[in-house]
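Following the hints, complete the assembly by docking chain B onto the known chain A.
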Amino acid sequence: MHFTEDNIENYLLGKLQGNALQEFERALQSNKELREEVAFKRQVMEAIKASRKSDLKNYIQEHSDSEIKTIPLINRNLTRGLAIAASVVLVAGVIYFLIPNESIQKINVFKSKAKFNSNTTDNEAIAATEKKDSNVEVPAATAPLQTSKEDTNQNDLSDASTLDIYKGNSKESNSDWDYSLDENKNNNEHTNADEEHMNTGSGNENNDGKSVSSLDSVRHDVLLYDTVCNVAEVGQNFASSKSAPVATVTKRKTDTEKVKPNENTLSRSLKKEETENIIKVEYWESAIHYKGYRFFRNNLKLYGLNKTEKIQIYLIDGNYYLKVGKNYFALMELNSYNQFSIIKNKEILDKLNGN
Amino acid sequence: MPKANSFSDQDILMRIRQGEMKMLSILYDRNRKNIRSLIRKNNGSDADADDVLQEAIIVVWQQVQNKEFKLSAKMDTYIFSIAKNLWLKSLRKNKRMQSEGDWNTFESEATNSEIENENTAIIAKYVNMLSDACRDILQLFYFDGLEMDEIALRLNFANADTVKAKKYQCKKKLEDLIKRDYLKEDLI
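Going line by line, the protein sequences match chains A and B. Here the working numbering is used: the first residue of the first sequence is 1, the next is one more, and so on. Here the working numbering is used: the first residue of the second sequence is 1001, the next is one more, and so on.
Next up, chain B with everything else stripped away, as it sits in the complex:
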């Protein structure tokens, strides 16, 4: 495996846009020490730091897929600032949780959120029941935000129309699988 520091920021951007997942672990390895240090100094553990860094890298991954994205600072600085913001947000949330005054409000928010997460987790299992091609199309379209022609290129489909048709079939199949086991209103 290439060394984490042997890639320039531009290399990384280009490779992420080509869908090279190896860049994820490279960014993770080379930022882990800094982020652990940041989080440790701010009331967090190494496990918290690892979670935050993963989240930050995934945010970068998602943003870089957008053709209009331009890196205005060094990649590691950018990741550091995202991780810092994510951790601050998490600390604020925890603080709010511990605040007695806001407890009732938070409890109801948390309960709604938990239910949504639970439903999302249920449906996510059905996503894994799809074929690799279906899963890839749906994930690249909804999460990575790629256009049909980009997906066609990435997944070796003939053209954008083929992908569009396939995407329609895949999504319908997914919804049918879910509806076979659940009532629609149970999941909303």
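So that you can see chain A by itself, here it is in the shape it has in the complex:
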């Protein structure tokens, strides 16, 4: 029996019913040519649907806002954070002025005694603490400033000598690009910031300016090294940027190194528009083995990433992407910690690969 185009189409659209349907299905079982024709027309129909779907998706991508406006959320979080910090400082300030200095000293000594379970005098306790401090592993986050180095090889992180671990209070810093968390600045003045440290356990100071850390056992995240990375803007100078390695590397300065007068810090040597295309990248080792990133205001903190891995950052349609090895990850500009999310979207991957 011969079936018309309409019969086949109605079958594919699910419009055949009753006897007509049964008859068609019987014919399908016995007629190979009909089976092939139906299969072919089904493919054509699917392709028409796929092309429509693709058109609609393209429309959405072309006409939607490229970036979600998250600023209000960040502002809310920032405001909340500042409010908490201000409260802590206020409470610490009130305690400092209400309790006599002598009492504070005694409280610190008491803490030291309790920590080391010792019956030493106050001075002995401080001395013991100082001795312990000299042995404690101080986070590299407190390392002093870096100088710019063109030679990336000198920044080989497998070489422990290039990692300058800050010890004591001899740190000096004159770099605008020093993003290290400086918790142990050489500052004998009793500032509000010091009060905050006292309350948060980041490190105490007594009135003599001597460090009395009561929470040495708390492990901190460690800044392994930092660098700067040019953003490759896909679609513009992608080709040249793609092949370019990390543009400039800032190396952590050792205690003995001096900053030469002509070795200006990176931020000073760059014009404003240049800095907009440059991301400060920091490699951190997380105390809790966290793996992810935080990307905010041109500062990218990478956690748990192999420090020898070469990275690239790309910018497409206002969105940042990080390339590590052969994989691409989305970079969300949020002042919060995010997990690495691998890019699977073929269109984006094609763009990133320059196809």
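Keep in mind the hints are simulated off the structure, nothing from the lab. Please note that the accuracy of each hint is not assured.
[To be verified] Derived lysine-lysine pairs resembling DSSO-like cross-links, with alpha carbons at most 27 Å apart:
1. K1041/B to K49/A
2. K49/A to K1172/B
3. K1089/B to K53/A
4. K344/A to K1084/B
5. K1093/B to K15/A
6. K1125/B to K323/A
7. K1179/B to K32/A
8. K1164/B to K346/A
9. K351/A to K1033/B
10. K1179/B to K344/A
11. K1166/B to K344/A
12. K1184/B to K344/A
13. K1041/B to K301/A
14. K15/A to K1033/B
15. K1033/B to K57/A
16. K1041/B to K32/A
17. K346/A to K1033/B
18. K1166/B to K49/A
19. K41/A to K1173/B
20. K1041/B to K291/A
21. K1084/B to K15/A
22. K1067/B to K344/A
23. K344/A to K1089/B
Because the structure is a prediction, the values reported are computed rather than measured.
Structure of chain B alone, referenced to chain A:
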């Protein structure tokens, strides 16, 4: 461009039924943040979220073309639930993929599916070689599920019969273009 929130759900339904594509991006923009949050909390990335949201909006677009479709919840809630289901389905599929026991089964399924997708992609290129009118007729009929008289109205044809005749010509042209380059059995 009008603000995403300035349209009521009924406005959106009406405009989608009239084929106003702007509604796609409006729905996308106003749901993007919520869907990203949902997907992020469920082991997905922002790129996954954007894909899922696009799919969900296209499902809505397709459903709304049906005159019998009635929105029983808020449009954004509806989109959220579709996106959630799509993502769950995707997670289940990935889980199945990672399951060692099902690996062989999945591999053969995936291979068949890949071949079908490849063939669909080949034919879809031929759809783009058609005239705008042909492409519109075929897409509105097969994807949007519009009746001939609705297509006539949407595309300014004289009447349903004209569209029907044109549709027949367009489909034949498409099949001829494909058959010029491929054997039928190569694509099935």
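Structure-based check of all given hints:
Of the supplied pair hints, the one linking K1041/B and K49/A is violated, its CA atoms being roughly 32 Å apart against a limit of 27 Å. Proximity of K49/A to K1172/B is assessed by CA-CA distance (about 17 Å); at most 27 Å being required, the pair is judged to hold. As the CA atoms of K1089/B and K53/A are separated by approximately 19 Å, the hinted pair is consistent with the 27 Å bound. Between K344/A and K1084/B, the direct Cα distance comes to roughly 19 Å. Compliance with the 27 Å bound is thereby established for this hinted pair.
Annotation: proposed proximity of K1093/B to K15/A is violated, straight-line Cα distance about 31 Å (limit 27 Å). Of the pairs offered as hints, the one joining K1125/B and K323/A is violated, with about 31 Å between alpha carbons and a cut-off of 27 Å exceeded. For a cut-off of 27 Å, the pair hint linking K1179/B to K32/A stands: about 18 Å separates their Cα positions. Simply put, K1164/B and K346/A have alpha-carbon atoms about 36 Å apart, too far for the 27 Å limit, and the pair is violated.
For the suggested pair K351/A and K1033/B, the alpha carbons sit about 24 Å apart, so the restraint of at most 27 Å is met. Distance restraint check for K1179/B and K344/A: the Cα-Cα separation of roughly 33 Å exceeds the 27 Å cut-off, and the hinted pair is therefore not satisfied. Pair hint K1166/B plus K344/A does not hold up; C-alpha atoms about 39 Å apart against a cutoff of 27 Å. Restraint check for K1184/B and K344/A: the C-alpha separation of about 32 Å exceeds 27 Å, so the hint is violated.
For a cut-off of 27 Å, the pair hint linking K1041/B to K301/A stands: about 21 Å separates their Cα positions. Between K15/A and K1033/B the alpha-carbon distance is near 40 Å, which puts this suggested pair outside the 27 Å criterion. About 18 Å separates the Cα atoms of K1033/B and K57/A, which keeps this hinted pair within 27 Å; it holds. The suggested pairing of K1041/B with K32/A is violated, with an alpha-carbon distance near 50 Å, which exceeds 27 Å.
This hinted pair checks out: K346/A and K1033/B have alpha carbons roughly 22 Å apart, not beyond 27 Å. This hinted pair checks out: K1166/B and K49/A have alpha carbons roughly 18 Å apart, not beyond 27 Å. At roughly 13 Å between alpha-carbon atoms, K41/A and K1173/B fall within 27 Å of each other, so this suggested pair holds. Distance check on the hinted pair: K1041/B and K291/A sit about 16 Å apart at the alpha-carbon level, within 27 Å; holds.
With a CA separation close to 31 Å, the supplied pair K1084/B and K15/A exceeds the 27 Å bound. Using a Cα cut-off of 27 Å, the hinted pair K1067/B and K344/A is violated, with the two alpha carbons roughly 36 Å apart. As the CA atoms of K344/A and K1089/B are separated by approximately 17 Å, the hinted pair is consistent with the 27 Å bound.
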